[in-house]
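Asker: Using the sequences plus the hints, can you model the full thing?
What follows is each chain in one-letter form.
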Amino acid sequence: MTHDSTNEILLEVKDLSVFFRMRDGEDFYAIRNLSLNIARGESLGVVGESGSGKSLTSAAIMGLLPANADVSGSIRFLGEELIGAKESELRKLRGKRLAVIAQDALTALNPVQTVGKQIAEAISVHDNSLTRAELRSRAVELLDLVGISQPETRVDSYPHEFSGGMRQRALIAMSVANEPDLIIADEPTTALDVTVQAQILDVLKRIQDRTSSSLMLITHDLGVIAGFANRVAVMYSGDVIEEGGVDSVFYETAHPYTRGLLGSLPRLDARNRSEPLYRIPGFQPSLAQRPEGCSFHPRCSIAVAGRCDTDIPIVHRAGPEHVARCHLVEDQEAN
Amino acid sequence: MIEINAVAQSPSNGRSKFLQRFLRHRLALLGGLVLLVLFIACFGAPIFAPFPRNKQDLLLGPVPPSLEHLLGTDDLGRDYFTEILYAGQVSLLLALSVALISTAIGVLVGVVAGYKSGWVDNLFMRITDLFLVVPAIALLALALQGLGRSPFSIVVVLSLLGWTYIARVVRGQVLSLREREFIDAARVIGAKDRHIIWKHVLPNLGGVIAVNVALAVASAIIVESTLSFLGFGVQPPETSWGNMLSQASGLIGTSKVYLLYFPGLFILIAVLAVNFVGDGLRDALDPRSGSGNSQGRKRR
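Residue numbers (the working numbering), protein chains in the order written: chain A, 1 to 335; chain B, 1 to 300.
Keep in mind that the hints were calculated from the coordinates and are not lab data.
One should not assume that every hint holds.
[As the list claims (entries may be wrong)] Quick look at which bits of chain A chain B covers, simulated, 3 or more residues with Cβ under 8 Å:
#1 91-97
#2 106-113
#3 119-130
[To be verified] As a list, the in silico DMTMM-like pairs of lysine to aspartate or glutamate whose alpha-carbon atoms are at most 20 Å apart:
#4 K17/B to D156/A
#5 K92/A to D184/B
#6 K199/B to D127/A
#7 K92/A to D193/B
#8 K117/A to E181/B
#9 K86/A to E12/A
[What the hints assert, rightly or not] Facing chain B, according to a computed beta carbon distance under 8 Å, are these residues of chain A, among others:
#10 M62
#11 L64
#12 V100
#13 A102
#14 Y158
#15 H160
#16 M174
Virtual Cβ for every residue (Gly too), placed ideally from N, Cα, C.
Answerer: Structure (structure tokens):
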């Protein structure tokens, strides 16, 4: 599936910042001036190291940030502003138009309730006109849709009777129960082994095709993004540092961090296999002590003194529908 | 192999599974039966008791257990078995109501405090602390002096004092449940707090609550005995196991000491039975235990 011809913007995040007030006074920005868009029917992959703010971004979109977080900026979903919206309004969106597939399938299901009831709950929370029998048959359909065999009996199972992959499928069934416009999948495959990962991604793809939902796929697996997403946003230290179509980001990489990430992947066609894998030197900075200027500059091999370490870079165009937040991209364009 | 097992065992619906798991618990089943028998015997006392209530036989006086008087007679020649059955009505009813009411209050306070956290939590827990630091027996005595010593006022006072323990336990549980992902997941599908509490928090507290009700029944019987013993409990001519015990307390070292043993024995049996039932309920309320998970056990 390529871009929808209409290209209607479903979700528009603009200058989103999340600021944490800590008791010990070490306040910090966990997300700083983040912007991204998702069009209808599109899959956006979000990659980044742990702690780069990926999951926090999804929590901000859902309006479920911790109490000590201050949000600023704008998140527009279907033309409605979500930041500052009433809790009751947000609740109507959650699960109905805006769904999340939880990160950890092992803990995201209530252990004392049958899987079927939990799937039915996702529907009945928004529509209490359905009878118990109708809800049950919907749950069976959904389990079937996500590829669970014998859904009629499985619907009465408890989560502990499911394998990890089945639980993840059940969670997907819950999240797509109301055919949402946007599904945020927060590392839906990290807790699973590789074969099951592939199956789960396959299920996601099939459902997305069927319901024409948009998908925001949060992961740190670049391979998953390459095979799955239309566009990719690379996050570093609470900001999107490069964003664009998957092909142009992967093949015409603009930002040195993305280049480093791609370079550190193990390759089957490597010439010298005994050579250690490339790694980006240094560590991601603590969010409380971000370096001045570009937060990547201390690790960057091509950083320019007097510029990268003083000025926060603005977004530069690296190609059609391809942007990067790097001073040097501008220089390349100037050539 | 495991997979085949799991499929073959077609999962039936939740309620019958719950029953299955409870019935597998032998001791709980026994406890339940004993309790049932106790209830039927005590509340059916007008039918089952060998003698009418309070029928005195002054010429007979106290006799030790015999075939005619199973548990002997007291000083006034009343059949002790009959008296114990009637006294059981008060003791059982009182203990059960205290257990249920105090648990209900405690669970309410605990859930609200744990779920809301922040200042609500602080307020509720400080009130709980306040109740905990007051010397209970003294307060009970004082309150019963004021309210009168009817079984009803004993229930009220014991319930009002007995909820603190379960409130703290439940709050702790809720604090940890609240951070579990399935609560977030419920919020993510757009569920309201009330819904989350009823459907996700409370069902996960089932085991804790069941055990607490059992413990509370036991402790209510014992506290009532203590109160009766101190003279603040159920007042004659109303009888309870506790006040029979206290009336017989002077008989230690005499030949009539059996009058002390029997009410004590009934208290012991009732308390044990309730505890076993509580144990069984806790296991039955946890779908991960017992049947339907034989594979889980094997794997371990």
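Asker: Which hints, by number, does the structure contradict?
Answerer: Violated: none.
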